[in-house]
Amino acid sequence: MNKKLVLLTATILLMLVAVFIVLFIKTKPEISSLPKNNNPVVSPVTNGDKIKLVYAAHWTEKYQLEGVYENGVLKEKGFKQYLDEYMTLHPNVDISVLTVPYADYEAKIKLLNDIDQAPDIFQIYSPWGVSYAKEGLLDVPPKDIKADVEANYVSKSGVVIDGNVWGIPGEVNDYSLIYNKKMFKDAGIVDADGNALAPKTWDDVVAAAKKITKKDTKGNIIKYGFAFTKGVDWAVVDPFLSLLFSNGGSYLSADNSKPMFNDAKGVEVLTSIVDLFKKGYTDANSNVWDFSNDKAAMAFVAPWTEGTFRDQMGTRFDQEVGVTSVPYFSKPNSLQYSWFVGVMNKSKNKKAAWDFLRWFTEDVQPSGTTRYGDLLARTIKAIPDRKVDLVSSANKDVLVSNTFKAPFIAQLSSSTPEPNVLQAAKIKATLMEQIQAAWVGKDVKQALDDAASRVQLILDSNNKK
Amino acid sequence: MEKFKINYNSLAVKIGFFGVILIFLSLLIFSSVSLISQRNEFYNDIVTRGKIFSEFSAQSIYQDYITFYAQPDEQDFQFFKDRLEAKFATNKDIINASLISVNGRILFDSNELSSGRYTGDVVRSVSDAASLNALTNEESSYHESDFMGQKVLEYFVPIKEISGGHVLVMRYIFSFDSLNNQLFGAYREIAMSFLAVFIIMIFLCIPFYLNLSKPIAMLNDLAMKVSAGDFSVKADIKSGKDEMSDLAKNFNSMVETLRISKEETNDSHQKEIDDFKEKINRLVADNTRISRELVESGQAIVALKDKNTDLEKLNKIMIDRELRIIESKDVVNNKKNGKSKV
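So the sequence lines, in the order shown, correspond to chains A and B.
Everything in the first sequence is counted per my numbering, starting at 1 for the first residue and increasing by one.
Everything in the second sequence is counted per my numbering, starting at 1 for the first residue and increasing by one.
The set of hints was computed from the structure by calculation and includes no laboratory data.
Any given hint might turn out to be false.
As the list claims (entries may be wrong) - Calculated cross-link-like contacts (lysine-lysine; reagent style DSSO-like; alpha-carbon spacing at most 30 Å):
1. B:K214 x A:K230
2. B:K160 x A:K110
3. A:K230 x A:K200
4. B:K81 x A:K426
5. B:K160 x A:K230
6. B:K81 x A:K464
7. B:K81 x A:K230
8. A:K230 x A:K211
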């Protein structure tokens, strides 16, 4: 062996190493070892010659779609039972439900519209309709439907945008005070017969809250006299607006161009609310849903909460839940809001969609009510806007004679509709942010003024659109 | 100081050299197997990380899109960007995310966020067949593809509707850069291992070379001295129990045996030489005597020589006479028998 052989061998080894490195840099694992996406392109579901309709609903609870069952027996129909009924009557129509949660609904419908996947039928919180109508998302209802809306509904404020009817009113809501009768009795807040005494005025609310609130040794509230829910506009802003209206105040100007809530009446109302916090009868951690587990004695709620409270409280619901009108400052009032249904402009089956809505919302059954009215009143636990549904004896048990609903219905005539304004959710969110800041110490006047100046910017931008 | 010089013909060098080759090849094979295994592991890591990230973030990004991106407020848009960036920070492989409709419309693309919210003025669509196929899948799926000139992993997560089905899909694109970085790290580790082994081998080989080669060289020198007749040499034996110690002991033993044998041989040879000398002396004496006798017999030889000459002459005369007698007899006989030869 000589030096040359050693060098040659060393060179070969180095080349081997180089080849090895190059091979490993250049090669990689076979993708074939991985699961591949080899599904064929899925064709859209076809239904032969059937007309396919998609109804975008915000109902996410099972009972809302599939009905209320007791011991396996259907007690109240869900939405799908009505759809099945229609499809049986009209075999050429196939209707499916696209469930979109409330929080996503406004943006989602617009998004679906933008990508040509719009549902045929929408069901929206009225203020959302303002931008939809402006952007051409909504189909103009047929004349007969417009005429029907004008004639047969309790409140049309939600469905009218810029003077035009854009759909069919669905539910109409306002706010009432719920109070826990058992907690009231335990605190000695009773009438001459020993029954829980419902608060009538804001002062009554404060006095009851004082008696009921309990704290632990560290000062933490374990029983709330009154409950809000931070971050939820209907549990923060809507109670403020209901009280503001009862104090003779206004939310926005009549032409929706200026905020009005920061005047003296607004300051007085928010100061009263903040007093509950200052006096320790509530705090920013309170939650309206604590009402169901006896941790909160009072809260402002809308009619639809009945279903949830019944579900959570079971048999305690009828014994403990009391409902009364909003404790007013100067006159009874409450915030009113509504929903309406209609047909999307991009629907390929507008006629079929409107036909279904006629059957669903106008067609009066032998009971004297409409199907939509029955669904809203009996299953969804909302207040139907159509007059026949509201006054019919068929739904008396769940509406005017119902201890939970009756105060809401009684207040409707004195309630103030929420304005149909562009960017309504953003305006509410802006106001909510400042109300919550006042809860935890911000000067009330300053908070409302800050909210007003920001809302003004939003309203100004609306006017430019 | 004596210069360290490798003798490539040395046995130690040969053994060490082939040892190094064996170790080197073993390391190479081990490294190959290790890297193949690691490469697959790294690849699967990327896929797994991508899958977990995609599945866990899809609904959240979609929700952010609905809540913030879809709002006209610039603050909301910035909030959406910030939240997306925060999510991206949790996965080192992701390079793009987009929300796409089932029919291929791109609603937002993370690469475009720096230029502001997409206003929808220009319809952007997915066009490649594999992606369009993936968009319709009810379950998450992924495939490899090219993205801006590099091989990437595309992951599709359908945003399931509460009522079933889907109309939107989150598409994620993951880079393989981290795979290469990890492999580079592995290469570096292996290279460092090679270097370490090489250095260790050098440090092991030098004592080995010295321990093996030096005693052999020493024994060689001693053997040369022995061959030159110097039997006084002796290998320095360390108190070891290895082969070299045995060899040295045996060498010393051999030299001792040779020395004794030589001494014995030397004694035997002296005697033989003495005997031989005596024999030679005797032979010389004999020779001298014989020579003297030969000189003395020389004169007799001359006399004999003369006598021999005379005898030879007489012999020739006698032979000729005999030959003529024989010839005469033959003539007589032929005549008797009536035969003639002619």
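Structure-based check of all given hints:
no., hint, in the structure
1, B:K214 x A:K230, "violated, 89 Å"
2, B:K160 x A:K110, "holds, 18 Å"
3, A:K230 x A:K200, "holds, 25 Å"
4, B:K81 x A:K426, "holds, 19 Å"
5, B:K160 x A:K230, "holds, 29 Å"
6, B:K81 x A:K464, "holds, 26 Å"
7, B:K81 x A:K230, "holds, 25 Å"
8, A:K230 x A:K211, "holds, 23 Å"
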